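Undergrad: So the chains spell out like this:
2 protein chains.
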Amino acid sequence: MNAFELYNPTKLVFGANMVERLGELVEPYGKRILLVYGGGSIKKSGLFDDVMFQLGRIGAVVHELPGVEPNPRLSTVNKGIEICRAENIEFVLAVGGGSVLDAAKAVAAGALYDGDVWDFTIRKAVIQEALPIGTVLTLAATGSEMNGNSVITNWETKQKRGLGSKHIYPRFSILDPKLTYTVPANQTVNGIVDIMSHVFEQYFTLTTDIPLQERFAESVLLTVIENGEKAIKDGTDYDARANLLLAGTYALNGTLPNGVTTDWATHGIEHEVSAIYDIPHGAGLAIIFPNWMKYVYQERVGKFVQYAVRVWGIDPAGKTDEEIALAGIEATRAYFTRIGAPATLGELEIGDEHLERMADEATQFGPIGSFKQLTKDDVLQILRNSL
Amino acid sequence: MNAFELYNPTKLVFGANMVERLGELVEPYGKRILLVYGGGSIKKSGLFDDVMFQLGRIGAVVHELPGVEPNPRLSTVNKGIEICRAENIEFVLAVGGGSVLDAAKAVAAGALYDGDVWDFTIRKAVIQEALPIGTVLTLAATGSEMNGNSVITNWETKQKRGLGSKHIYPRFSILDPKLTYTVPANQTVNGIVDIMSHVFEQYFTLTTDIPLQERFAESVLLTVIENGEKAIKDGTDYDARANLLLAGTYALNGTLPNGVTTDWATHGIEHEVSAIYDIPHGAGLAIIFPNWMKYVYQERVGKFVQYAVRVWGIDPAGKTDEEIALAGIEATRAYFTRIGAPATLGELEIGDEHLERMADEATQFGPIGSFKQLTKDDVLQILRNSL
Numbered sequence: 098m099n100a101f102e103l104y105n106p107t108k109l110v111f112g113a114n115m116v117e118r119l120g121e122l123v124e125p126y127g128k129r130i131l132l133v134y135g136g137g138s139i140k141k142s143g144l145f146d147d148v149m150f151q152l153g154r155i156g157a158v159v160h161e162l163p164g165v166e167p168n169p170r171l172s173t174v175n176k177g178i179e180i181c182r183a184e185n186i187e188f189v190l191a192v193g194g195g196s197v198l199d200a201a202k203a204v205a206a207g208a209l210y211d212g213d214v215w216d217f218t219i220r221k222a223v224i225q226e227a228l229p230i231g232t233v234l235t236l237a238a239t240g241s242e243m244n245g246n247s248v249i250t251n252w253e254t255k256q257k258r259g260l261g262s263k264h265i266y267p268r269f270s271i272l273d274p275k276l277t278y279t280v281p282a283n284q285t286v287n288g289i290v291d292i293m294s295h296v297f298e299q300y301f302t303l304t305t306d307i308p309l310q311e312r313f314a315e316s317v318l319l320t321v322i323e324n325g326e327k328a329i330k331d332g333t334d335y336d337a338r339a340n341l342l343l344a345g346t347y348a349l350n351g352t353l354p355n356g357v358t359t360d361w362a363t364h365g366i367e368h369e370v371s372a373i374y375d376i377p378h379g380a381g382l383a384i385i386f387p388n389w390m391k392y393v394y395q396e397r398v399g400k401f402v403q404y405a406v407r408v409w410g411i412d413p414a415g416k417t418d419e420e421i422a423l424a425g426i427e428a429t430r431a432y433f434t435r436i437g438a439p440a441t442l443g444e445l446e447i448g449d450e451h452l453e454r455m456a457d458e459a460t461q462f463g464p465i466g467s468f469k470q471l472t473k474d475d476v477l478q479i480l481r482n483s484l
Numbered sequence: 098m099n100a101f102e103l104y105n106p107t108k109l110v111f112g113a114n115m116v117e118r119l120g121e122l123v124e125p126y127g128k129r130i131l132l133v134y135g136g137g138s139i140k141k142s143g144l145f146d147d148v149m150f151q152l153g154r155i156g157a158v159v160h161e162l163p164g165v166e167p168n169p170r171l172s173t174v175n176k177g178i179e180i181c182r183a184e185n186i187e188f189v190l191a192v193g194g195g196s197v198l199d200a201a202k203a204v205a206a207g208a209l210y211d212g213d214v215w216d217f218t219i220r221k222a223v224i225q226e227a228l229p230i231g232t233v234l235t236l237a238a239t240g241s242e243m244n245g246n247s248v249i250t251n252w253e254t255k256q257k258r259g260l261g262s263k264h265i266y267p268r269f270s271i272l273d274p275k276l277t278y279t280v281p282a283n284q285t286v287n288g289i290v291d292i293m294s295h296v297f298e299q300y301f302t303l304t305t306d307i308p309l310q311e312r313f314a315e316s317v318l319l320t321v322i323e324n325g326e327k328a329i330k331d332g333t334d335y336d337a338r339a340n341l342l343l344a345g346t347y348a349l350n351g352t353l354p355n356g357v358t359t360d361w362a363t364h365g366i367e368h369e370v371s372a373i374y375d376i377p378h379g380a381g382l383a384i385i386f387p388n389w390m391k392y393v394y395q396e397r398v399g400k401f402v403q404y405a406v407r408v409w410g411i412d413p414a415g416k417t418d419e420e421i422a423l424a425g426i427e428a429t430r431a432y433f434t435r436i437g438a439p440a441t442l443g444e445l446e447i448g449d450e451h452l453e454r455m456a457d458e459a460t461q462f463g464p465i466g467s468f469k470q471l472t473k474d475d476v477l478q479i480l481r482n483s484l
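Protein chains in written order, with my numbering: chain A, 98 to 484; chain B, 98 to 484.
Hints may be right or wrong, so weigh each one.
Claimed, not checked - With a straight-line Cα cutoff of 35 Å, these simulated DSBU-like cross-link-like pairs (lysine-lysine) come out: (1) B:Lys400 <-> A:Lys330; (2) A:Lys128 <-> B:Lys263; (3) B:Lys275 <-> A:Lys400; (4) A:Lys400 <-> B:Lys473; (5) A:Lys473 <-> A:Lys108; (6) A:Lys263 <-> B:Lys128; (7) A:Lys275 <-> A:Lys140; (8) B:Lys469 <-> A:Lys327; (9) A:Lys108 <-> B:Lys221; (10) B:Lys400 <-> A:Lys327; (11) B:Lys108 <-> A:Lys263; (12) B:Lys400 <-> A:Lys275; (13) B:Lys469 <-> A:Lys108; (14) B:Lys128 <-> A:Lys469; (15) B:Lys263 <-> A:Lys108; (16) A:Lys108 <-> B:Lys108; (17) B:Lys416 <-> A:Lys327; (18) A:Lys469 <-> B:Lys327; (19) B:Lys255 <-> B:Lys473; (20) B:Lys469 <-> A:Lys275; (21) A:Lys275 <-> B:Lys263; (22) B:Lys275 <-> A:Lys263; (23) B:Lys221 <-> B:Lys416; (24) A:Lys275 <-> A:Lys221; (25) B:Lys108 <-> A:Lys400; (26) A:Lys391 <-> A:Lys330; (27) B:Lys263 <-> A:Lys263; (28) A:Lys263 <-> A:Lys416; (29) A:Lys416 <-> B:Lys400; (30) A:Lys469 <-> A:Lys255; (31) A:Lys221 <-> B:Lys108.
Said to hold, decoys possible - Chain A stretches covered by chain B per the calculated footprint, using a threshold of three residues with CB under 8 Å from any CB of chain B: (32) 328-342; (33) 350-360.
Don't read these hints as lab results, they were simulated from the structure.
As the structure is a computational prediction, the values presented were derived from the model and not from experiment.
All C-beta atoms, glycine included, are put in the ideal place defined by N, C-alpha and C.
Between the sequences and the hints, there should be enough to build the whole structure, so can you do that?
TA: Here it is, written out as structure tokens:
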């Protein structure tokens, strides 16, 4: 186990109808609110009205940043920053899924920075402060509700990059499983793949002697696998939605990487695909992750054997380690296919035109990943195997 | 799953030699420090000198509260409160195991309260504020390093009671597995039992549809079972000590009870035993917990079946649920015995003289527990079965 620091001050408020507590949770931070949301589904569902009602009860002055895209754009973030400055915003409230939350975090950091918020993604500047943020989550996937990370896309340059800081942890996040009832099946599927991929990035590591972290990771995977299918079958299954939502939070709230050298290469590769093609993050991961697994498993076959046995219940009797490991990878692909996720870039009508550029961008600062360090050629090969 | 709130702002700093970071961690809170510690083992080990050196580097003024007892006493806590008031203490630093941390928390809360700190334990008053606290942990067991709870004993009235508040979460806790190398085997054993018991109190619940919380709990148990024996065999096995330490923290840092109705009856019963006999908490729990299990398992046999199969690897083939459940309970007892924990009160020379009083005290506010609500007669029976 490596040395590590664990710090996560987000208050999670979990349960049916918890939006009722919104006013009480926002009030300590001020009354001038920027409300960040997406394409309008929260208006259809009635959540927008509920949020406005609760904010009205504390006499809040609400400005709006609507229309945050699935891969949230720098231009939208900049719009939010302008509003914050012009209206002396005191608190940023994100209501939506991961992209809305990520956009709100970038807005909150950019509003107090005397420069271009993109600087944070290219490490030209470090976040020193941010407006306080709160979230009402409507989709199990991102983990953004309980961490200090954000991913935004510069649509002009087709670059998708991350920023992170302890200053952009949400002060609170409201998680009501009922708010995810209306998530369409395909988005539920993308969320499931996203959550599982977050776990993979922290589970497939060369770090040894981390039994608790491994079992925690397997716990999240098993919970998602079991409850994901239930939630797809019946979107209003409260327990399935609740278990999926909680698993999504724990996949990325700092519980799994304690003392572990994590990887994140596959996320890096996927970001290059969705920066160019604007596909859902979960769909890209469903295509690439099993191909990453096949490309790297020989670096530490034992870990993939453990994964196959503990997560997928592969019976090791009469099989070589190699066969067990491959069976686990096949089970992953089969599960993704069973729930309706894509298996090839071709299914999304993506050809080989930009693979070279994606591989270039993904490795622009050098090889990526830690389970196996991937050069540009490695990335290109994984992308070709994903066609 | 029930509704819940999760909030844990303690910063965990985990790894070898992390005491080097003490000055930097303390400095934001002030320089007038109360250093709380136990019977002097930190002087023998050299940790005391290391701590004083680090505090010296930031020019801290250090006052001392030494001699905190294994079941920390109200009288000692009151001594600490007096020092805080007389010396305008700004920060309370606990260096030791659970009892030292618990005493420090009570001191920190009491110092800013204009009344008797015992009021907090009998719910005559609620903690409104506390001096900031930091800890350097020397024993895997308590969980106190990352939660807002404390247990102290009024030796005059022979009462052991808890207090809790968000205000007494440590601001930071330093966990260096090497600091636990010198913990004697019997204390390592008590710590193992303590950690496992914390999990039991949150795992054996009537709440259903909590797969993630159940698997997390099983993860902690499996980690403790595997690494506990290694740590007893070789006290300087870094990975065993590290895994045990991290498991101890996760057993009681708010990860396991999310949305779960917890029990805590066995802790209540044990507190009454150790309030009178001043035995180690872990020893009392090793005796009582398997007897509690046998007394209550029929309330929900399925949960005990799951426990037996997943944690102890009991083969269910050809057995009734009842037999599987009992085999899991027997495996628990056998493990405690294998690592050298006591199985009966008699082994600690405790007879039946005060059982009636213990049962009375344990149930003074009504029946205790939730898996099965225990009346005075139930508690008395469990204690008799423990003789």
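Undergrad: Does each hint fit the structure? Answer for all of them.
TA: Structure-based check of all given hints:
1. B:Lys400 <-> A:Lys330: holds (27 Å)
2. A:Lys128 <-> B:Lys263: Answer holds: Lys128 (chain A) to Lys263 (chain B) is near 25 Å, not above 35 Å.
3. B:Lys275 <-> A:Lys400: Given that 35 Å is the threshold and the Cα spacing comes to 27 Å, the pair holds.
4. A:Lys400 <-> B:Lys473: violated (50 Å)
5. A:Lys473 <-> A:Lys108: violated (40 Å)
6. A:Lys263 <-> B:Lys128: holds (25 Å)
7. A:Lys275 <-> A:Lys140: holds (15 Å)
8. B:Lys469 <-> A:Lys327: holds (31 Å)
9. A:Lys108 <-> B:Lys221: holds (27 Å)
10. B:Lys400 <-> A:Lys327: holds (22 Å)
11. B:Lys108 <-> A:Lys263: holds (12 Å)
12. B:Lys400 <-> A:Lys275: OK: Lys400 (chain B) and Lys275 (chain A) at ~27 Å, within 35 Å.
13. B:Lys469 <-> A:Lys108: holds (31 Å)
14. B:Lys128 <-> A:Lys469: violated (47 Å)
15. B:Lys263 <-> A:Lys108: Holds, because 12 Å separates the two Cα atoms, which is no more than 35 Å.
16. A:Lys108 <-> B:Lys108: Holds - the C-alpha atoms of Lys108 (chain B) and Lys108 (chain A) are around 14 Å apart, at most 35 Å.
17. B:Lys416 <-> A:Lys327: Since the Cα atoms of Lys416 (chain B) and Lys327 (chain A) sit roughly 30 Å apart, the hinted pair holds (cutoff 35 Å).
18. A:Lys469 <-> B:Lys327: holds (31 Å)
19. B:Lys255 <-> B:Lys473: With Cα atoms ~18 Å apart, Lys255 (chain B) and Lys473 (chain B) stay inside 35 Å; holds.
20. B:Lys469 <-> A:Lys275: Status holds; Cα separation ~31 Å.
21. A:Lys275 <-> B:Lys263: holds (29 Å)
22. B:Lys275 <-> A:Lys263: Cα-Cα ~29 Å, so holds.
23. B:Lys221 <-> B:Lys416: Violated, at roughly 51 Å.
24. A:Lys275 <-> A:Lys221: Roughly 41 Å separates the two Cα atoms, so the pair is violated.
25. B:Lys108 <-> A:Lys400: Cα-Cα ~30 Å, so holds.
26. A:Lys391 <-> A:Lys330: holds (30 Å)
27. B:Lys263 <-> A:Lys263: Status holds; Cα separation ~20 Å.
28. A:Lys263 <-> A:Lys416: Cα-Cα ~46 Å, so violated.
29. A:Lys416 <-> B:Lys400: holds (33 Å)
30. A:Lys469 <-> A:Lys255: Given pair Lys469 (chain A), Lys255 (chain A) holds - Cα atoms ~26 Å apart, limit 35 Å.
31. A:Lys221 <-> B:Lys108: The given pair, whose Cα atoms are some 27 Å apart, holds under the 35 Å limit.
32. 328-342: holds (count 3)
33. 350-360: The restraint on the stretch 350-360 of chain A holds, since 3 of its residues have a Cβ under 8 Å from chain B and three suffice.
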